[in-house]
Structure formats: C-alpha cells, structure tokens
Amino acid sequence: MVCIDNPYTDAYFNLAAEEYLLEHFSGDVFMLWQNESSVIVGKNQNVQAEVNLDFAREHHIKVARRHTGGGAVYHDAGNLNLTFIETDDRPDFGKYTKRILTMLSVLGIQAQADERNSIYIDGLKISGCAQFIRKNRILFHATLLFSSDLSNLNATLNSLYTVPETETKHYVKSVKSPVTNILDHLTEPLQLNDFKRMILTDLLGNAGNSMYAFSREDTTAINRLKTEKYVTNNWNFQA
Amino acid sequence: MSIFELKMPKLAESITEGTIVRWSVKVGDTIVEDDILFEVTTAKVNAEVPSPVAGTIQKIFFQEGETVEVGTVVALVDMEGGEHTVEAESTVVAAPEPPKAVAAPALKEEAKWYSPAVLHTAKEAGISTAELETIAGTGYLGRLSKKDVSNFISQKKNGGSAPVAAPSKKLLPVHPPLPNFSTSTESAAGDVIVEMDPVARIIADRMLQSKQTSPHVTTVVEVDVTKLVYWRIRHKAEFLQQEGIGLNYLPAIVEATTKALKEFPKVNASVEGTRFILKKQINVGIAVALDDGNLIVPVIQNADKLSISGLAHSIDTLANKARSNKLKLEEIQGGTFTITNFGTFRNLFGTPIINQPEVAILGVGYIEKKPSVIETPEGDVIAIRHKMYLSLSYDHRIINGAVGGAFVKRIADYLENWEK
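Residue numbers (this note's numbering), protein chains in the order written: chain H, 5 to 243; chain Y, 461 to 880.
Hint data in this document are derived by calculation from the structure and do not stem from the laboratory.
Watch out, some of these pointers could steer you wrong.
No farther apart than 25 angstroms at their CA atoms in a straight line, the calculated lysine-lysine pairs in the DSS-like style are these [what the hints assert, rightly or not]:
1. H:66 <-> H:200
2. Y:830 <-> H:139
3. H:129 <-> Y:786
4. H:99 <-> Y:830
5. H:177 <-> Y:470
6. Y:719 <-> H:233
7. Y:696 <-> Y:486
8. H:173 <-> Y:486
9. H:99 <-> Y:696
10. H:173 <-> Y:847
Just so it is clear, the structure is predicted and the values come from calculations on it, not from any experiment.
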C-alpha cells in the first residue's frame, strides 16, 4: 500500500485526486488529507436541501460534490480525512471502520461504530464515511472531527429548504447527528499534525507500505480533472 | 441468439438493495464487456456497474430512481455471436446470500464461471477448461476477460508458459498478497469457525511476513542465575516497600541485554535491501500476552539509560497499559530488540519469531533448581543451582553464528555474575 500525506487543502483538487488515484493507480492507496473550510455533499444529494448556501457564501465556505454516496459533511482545518482505495470484488466496508477505531484506541479513545459505520464518542459523532465502487476498485473515505469549528459545521449543514414532494428524482438525505471533537476527549493535548504522523508511522511499520508523494504528472492530471469536473457548477449544483 | 440476464449485483457486505440513479445505456445500445451500464446508490455507497458480457441492450426493467433488491434482473442483453446459453449466470450474481460458514466455497464456484466471449475465444484456440482455470482473471469479480484469454493464447504461441495478466495501469510497489489463511474450508460437524479479530489478523500477517523476510536461526545457552535469584530474594521486600511494585527478574534481564546490545551493534539493527542499519537507540520491546489471547509488544524507549528500578517501573506501567488497552502509539513502536518471557508459563526454551524490522529476539525460559557440577580447588562437587535457558532467534542475513552465539553468551555472563 502506498501512503500519501496530501499537502493540498483545496476541496476540488482533493476530490479530483481521489478519483484520479482510484482510476490510474492499480495498487492499494491510503491518503490523509484536509480541506480548508468547505461543505461536501454526497454524489446523489440535492445541494440546496443540504447546505445553507447563504451562510456558506458569507463565510467563504466552498461547496463541493464528491463521487461517493452518503450525506453532507463540513470540513475545515480541524478535520482530518482518511481515504482507502483498494481492489476488492466483495468489499466489506466495516473493516475500514475497524482500522479507524484501532487508530483511535492508541490515543486512548474508546469510540463506537454504528451500523452505518459512523463513529461516536459517548453518543456524539466524530466520523462519517462514504464509499464509491467502480468495477472492482473501491474507495472508502471517512472524516474525523479533531478540532473543527462546530458552530460553523452546524450552521453550514442547516438548510431551510426541503425538496418538494412532487420531485421524482431520487435524492439521498443526510442523517444528522450531534457532533463532538476528538480533542475534547483526550487526556493529554495533541496537535492534529502529530496525530497524522502517528497514523502514518503506524502504517509504515507494516511490511509493503511506503510513502508516496504526487508527481508533477499526477498533479497535472488531477488539476485537469478538477477543472473539467469538480470545480464546475454543473457537477456541484446539479439538480 | 442467447439472452443474458443482468442482475443487481451485491455491492458489498450487508447491502441488500440499491437505487438506480443513472443508466449509461439505453435499449438498442451495443456494449462491450466491462462497459459501465448503470450507477447504483445506497445510503452510503455509490457504484458504477460494468457489464460482464458484450452484446446489445434488449430490455431495461427499472427506471432511474427505482430501488431494486440484490439479485433482481434489471436488464436483458442480447449477446452477439453467442452459441452458449447462459443459464449458469443465474448462479452467479443472483445466488442467495450463502450462509457464512460456506461463503468461501461459494465464491470458488463463481470464479469458475466464464463469459460466452471467453468460452468462444478459448474454443477457437483449442484451450481446455482445465487450462482456463489456470489463468488469472482481471475482470469483474475476478472473472476471466476476453483479454486475459487472448494474452494467454499469445503467450502460449510464443512458447511462454506462465499465465501472467499484462498490467495496463501504472504499477506501484505492492506487497505480494499473503496466502489466504482460510483456504482450507473443509470442516466436520461440530467444528467451530472463529473469525479473526483485527488484532489477530495483524499478528497473523506479521508472523508470516517475518518468517518470509528473515532466515531465522535459534541458539540456546544455559545460564546459572543463582546469584540473580539470591539478589532478588535479598531486595524484593525493600523494593516493594520503596517502589510500590514487585521485583522480578525481567529488569535484570533487560539490563544485561542492553549492555550486550551495546557491544554487538549488529544485533540492534535492521536490514533494508542491501544495507544494514545499526540503530543508535536501544529500545527494548517486551511481549505481553493479553487476556483475549492476543499479543502486544510495548517498547521501553532508551532502555539502556534506565536503572533497575526505572526498568521495573517502565515494564510494570507498559504491561498494565497493554492489558487495559491503553497503550499509545509511541509506546508500541520504535523497538530495536524484543524480549519474550515464556518462562512465565514454565517453558524452558523456544524458537521465537523475530519482531520485524528488528533482527533478533530473546526468549527467556523458566528458572528452576537443578543439580550442577561445580569446580572447586578441592575437586568437583554437585550443588543445587538455579538454572535458566536463554533462546536467541536471529536474522542470519545480518548476524552470523559467531556473533549470535557470542551475544547471547554475553547476556548469560552478565546474569551469572550478577552483583548489585
């Protein structure tokens, strides 16, 4: 497995990077990444029904659509994203959640997962996940609220619009849960960067894992995909 | 003419239905194998479903927005040039969820299914079914694609025998897949099948990897630890009073080991490709058995810098944290040498497996009284002495017999002459 500590924080670039890695890499990939303030809706969601677009605009929060299913999530510098890309004919997405629970347990955090593979501390959500399957390539990604601005999170995901009942198109509705930050549950303070380093160090301890950084060829192709798809209104605001 | 029934695939474990959000094809379209046909969504998963066959879309039963159960026929494909009717397909995707215990054999059955295009190509080239079974499939659900068979045929023509699928994508360093631990699926009535928990899987993987990475050699010395035993008897009450924890032999063994490691840098090392990396730090891992049957190796960082009481506290704290699942990541990584104490279970000696990427591991045996021949100026006498075996498994790529043997003997010397 190659491990990528992705230095870019543009949501559109990063979502394009995921699709690029799924499509153009043949081996297993693990990527840690963060976005500057953004709201990311699921592939089959109605943006207007999920995002308070006025609040997002006023607070310079990017609105982006990802390739995976699931509901809308808020990202900022206090949120960490983990992506696993593998080749698997019969994926069991629960295994990735178990890996994340193991990562959390080394921080001394006893978290629980529900049947949707969301992760909770004392009933408060810290992580949501979603998946994408293209032929036998699968992508699982999850968020981890480490030290996010939770009031921005709640305000951004609070849309007053509801899809009219006459609408025939199938939209996935977000499942809302009360949230918390991991940092508030640690006995000793920890920087998010140190947490990232711990995760990577642990993974690199496994034989066959190595670090990988995007090449110039990679970033060129990712930027092209970003421009053609992920940054466009056509993709992000599709009705 | 033969008709292929295209069914809603089972996308992942625990998924029983999906909503079709987009058709990429319409009735009358000609498709080739692996073309994306439609997009399915569940609450969490978005999936693009490819066609396992080539042909023409004859009928589509469900419209965008409709939710369909796994196994339901969603479309019919009229296969071009098909001389084989594909009733077999109904056992492929539509098979009802097999019970857990027989899941593996069911998957094997699936792997033997071949698309008409594959069978046709194989037949033309005179490839038998037995030969087909030897080709690695790269298609959907690991099936053979027409390309796999064509590659096999051209290799066969060129005199090549190894069926290797040509990778078309960017190649990355990928660890060779581990043998499937669950291949032996035959089980008799009353057998219990236990799924490995994640930790057990990691342990299994690492043990196998270690044996595949390092040529292991084990050597054993017998140590007269009588002095050490009396030292402990003299100090244990006072130690418990002053330090609040019991005094056992392990801190002394760790101290003797770190002294020996300083003299034998090749034992405190790693092998990376064609290089030896001699580690500056001496971080000693202690294998701890957990109540759930698993094993963890917390690490005493810079063990050579600690006193006996420092080592005792460090071992005690790490073992307690390990058993209560409170170890932090930095407490289980960075080890440069490992000690496993199977003497606890009254075992004498063993052949422990090296904890990668380290190059040696010391097994500590049970201490017991034995009659021993002691040489004195007045002649040999038989005396009752406390004896223990130390077993050292080492990586013969970096440590040869002379170094490995001398290293473990040096630890023994320190312990035999223990005076504090």
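Now for the hints, and whether the structure bears them out:
1. Between residue 66 (chain H) and residue 200 (chain H), the direct Cα distance comes to roughly 24 angstroms. Compliance with the 25 angstroms bound is thereby established for this hinted pair.
2. For the proposed pair residue 830 (chain Y) and residue 139 (chain H), the alpha carbon gap of about 67 angstroms is over 25 angstroms, so the pair is violated.
3. At roughly 22 angstroms between alpha-carbon atoms, residue 129 (chain H) and residue 786 (chain Y) fall within 25 angstroms of each other, so this suggested pair holds.
4. With a CA separation close to 51 angstroms, the supplied pair residue 99 (chain H) and residue 830 (chain Y) exceeds the 25 angstroms bound.
5. Restraint check for residue 177 (chain H) and residue 470 (chain Y): satisfied, since their Cα atoms lie roughly 22 angstroms apart, inside the 25 angstroms limit.
6. Between the alpha carbons of residue 719 (chain Y) and residue 233 (chain H) the distance comes to roughly 62 angstroms, so the proposed pair goes past 25 angstroms and is violated.
7. This hinted pair does not check out: residue 696 (chain Y) and residue 486 (chain Y) have alpha carbons roughly 83 angstroms apart, beyond 25 angstroms.
8. The hinted pair formed by residue 173 (chain H) and residue 486 (chain Y) meets the criterion: a straight-line CA distance of about 18 angstroms does not exceed 25 angstroms.
9. Simply put, residue 99 (chain H) and residue 696 (chain Y) have alpha-carbon atoms about 47 angstroms apart, too far for the 25 angstroms limit, and the pair is violated.
10. For the hint linking residue 173 (chain H) to residue 847 (chain Y), the alpha-carbon distance of about 79 angstroms lies beyond 25 angstroms, and the restraint is violated.
Checked against the numbered hints above, the structure breaks hints 2, 4, 6, 7, 9, 10 and satisfies the rest.
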